[in-house]
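These protein sequences, in sequence, are chains E and Z.
Counting in the working numbering, the first sequence runs from 1 upward without gaps.
Counting in the working numbering, the second sequence runs from 1001 upward without gaps.
Derived by calculation from the structure, the hints in this document are not laboratory data.
Nothing here was measured: the structure is a model prediction, and the numbers come from that model.
Heads up, the beta-carbon is just placed ideally off N, CA and C, and yes, glycines get one too.
Please note that the accuracy of each hint is not assured.
[What the hints assert, rightly or not] Far from chain E, by Cβ distances over 10 Å, these chain Z residues were calculated:
no., residue
1, 1077
2, 1172
3, 1232
4, 1254
[Stated by the list, open to error] Listed next, with one range per pair, are the computed distances between beta-carbon atoms:
no., chain 1, residue 1, chain 2, residue 2, range
5, Z, 1246, E, 119, 34 to 42 Å
6, Z, 1249, E, 200, 48 to 56 Å
7, E, 2, Z, 1097, 38 to 46 Å
8, Z, 1097, E, 251, 23 to 31 Å
9, Z, 1072, E, 251, 23 to 31 Å
10, Z, 1171, E, 251, 37 to 45 Å
11, E, 267, Z, 1258, 48 to 56 Å
[Stated by the list, open to error] In silico negatives: residues of chain Z with every beta carbon more than 12 Å from chain E:
no., residue
12, 1012
13, 1099
14, 1198
Protein chains: 2
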Amino acid sequence: MKIIRSIKKMQQLAVQLKKQGKAIGFVPTMGCLHEGHLSLAKQARLDADITVMSIFVNPAQFSPNEDFKKYPRNFKRDCYLAKESGVDIIFHPSQNLMYPKGFQTYIEVEILSKYLCGKSRPGHFKGVATIVMKLFNIVNPDIAYFGQKDAQQARIIRQMASDLNMDLKIKTMPIVREHDGFAMSSRNAYLSPTQRKDALVLKNALQKAKDMINSDEIDVGKIKKQICRIINSVPSLKIDYVSVVNADTLEDIDVIRGRVLIALAVKIGNTRLIDNAIIKR
Amino acid sequence: MKIIRSIKKMQQLAVQLKKQGKAIGFVPTMGCLHEGHLSLAKQARLDADITVMSIFVNPAQFSPNEDFKKYPRNFKRDCYLAKESGVDIIFHPSQNLMYPKGFQTYIEVEILSKYLCGKSRPGHFKGVATIVMKLFNIVNPDIAYFGQKDAQQARIIRQMASDLNMDLKIKTMPIVREHDGFAMSSRNAYLSPTQRKDALVLKNALQKAKDMINSDEIDVGKIKKQICRIINSVPSLKIDYVSVVNADTLEDIDVIRGRVLIALAVKIGNTRLIDNAIIKR
């Protein structure tokens, strides 16, 4: 496995690989890898000739009051796990290289970024879209992989790629969960054992919503009420949002129909957790 | 010369050309071609194996009160001139294809877009950056050509390409002028013969500024005053801005030093004209 820190070298290698007719599968990450990330790398390995993973904690997607500084970093462990999962190249640039003095170009997916996490994290998706575009231009992938865990992010990247005529495929892969159903996230590292136990209610609330819909409940108001009730039964959790939206437009709906995204965000202590489920009906 | 209207076909052809090892030179235009555009195509022909010119009047770079609808269009004549200048492929997509329903992704070069024309044309450079990025992703050029006539645009595209790590070269080509020194522009078609004569004062004002600087005048206040005096001597002209700025940052300067951009924008009737000169000192 190669580790590349230079933008130019990564770009040149990508051009060279393309000239050799190799398909590049790309997994952009902020490191602190878990089984979710690794599932993306494994899929890339199946689909493409070369798997590139970027590891870069992107300052542009954190607000000043968020956890950029303390975001968990463990590059050595990440390299080990990436190699085990068949990654061929790790791209690991420095912050100064990615955001040099005078940097000022940003991409906004204006409508989709307004909803859900966009409300409580202004500027977040602008930072995400911008770094992903930069990475796409550096790594030159044929297919790029994103986790369904960040449902809104995946939807936004797909929109950006389509709107800006980017010549690549976006694949969104299912949420990977712990044995008890808790969605994997790098931020889970912040949780105390008690918090970890309390946070399991997210998955339970989603399950309840799915059960209701499978029992033909289509009234979104009733479903949301149940979700809130379940989450609020755990005093340590504070709801940021409980949303049931059209999975394509991310707009609120009143009635369950078509592809529906049930998305939750809660705070537990200083940690913000999200989880979601997509249901077709 | 090939005329391609489909995004997919253009993209596929570009990929194919790249695979054959061909270098693509790209000249994005809004049509109504004049010698300025053609000078870009001729340079592309010298530098690259294949010259692609896009002809697309981009609605996103016009404000609602601007001249999008009446912007001069003459596709047949453009094709003739492009062919004469050695263009191999014209890319001429429809508005619906470039901005389909639900389009919502925009690029902003945030600082450079604030100055000069950005003040009187809010959103203009956002529209420019976005369409150029789209076209770059479709045409996949090795080198792209822009005219110095639109000095701020050229500077912004260069910044965007660098900030977003786009793997291509940007070449800015000199302003092409009529025999009397009047800068060529598609919008000159709007001018009556009297207006055309009056507007020549732009070039005269720039010349005066250059003469002053060559005679070691470094006081920007004095230079601007002279420019304004000359332009205001023609009653039909209304100054939008007279700016003397750092050619790299586009920030106002008080003293002539380094690479300096002298940029003018005036209105004559309903027509907005710009002209500029770069001086090194």
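Here's how the hints hold up against the structure:
no.: 1; hint: 1077; in the structure: 27 Å, holds
no.: 2; hint: 1172; in the structure: 18 Å, holds
no.: 3; hint: 1232; in the structure: 34 Å, holds
no.: 4; hint: 1254; in the structure: 21 Å, holds
no.: 5; hint: Z:1246 x E:119: 34 to 42 Å; in the structure: 39 Å, holds
no.: 6; hint: Z:1249 x E:200: 48 to 56 Å; in the structure: 53 Å, holds
no.: 7; hint: E:2 x Z:1097: 38 to 46 Å; in the structure: 39 Å, holds
no.: 8; hint: Z:1097 x E:251: 23 to 31 Å; in the structure: 25 Å, holds
no.: 9; hint: Z:1072 x E:251: 23 to 31 Å; in the structure: 40 Å, violated
no.: 10; hint: Z:1171 x E:251: 37 to 45 Å; in the structure: 44 Å, holds
no.: 11; hint: E:267 x Z:1258: 48 to 56 Å; in the structure: 51 Å, holds
no.: 12; hint: 1012; in the structure: 9 Å, violated
no.: 13; hint: 1099; in the structure: 9 Å, violated
no.: 14; hint: 1198; in the structure: 37 Å, holds
In summary, the numbered hints that this structure violates are 9, 12 and 13.
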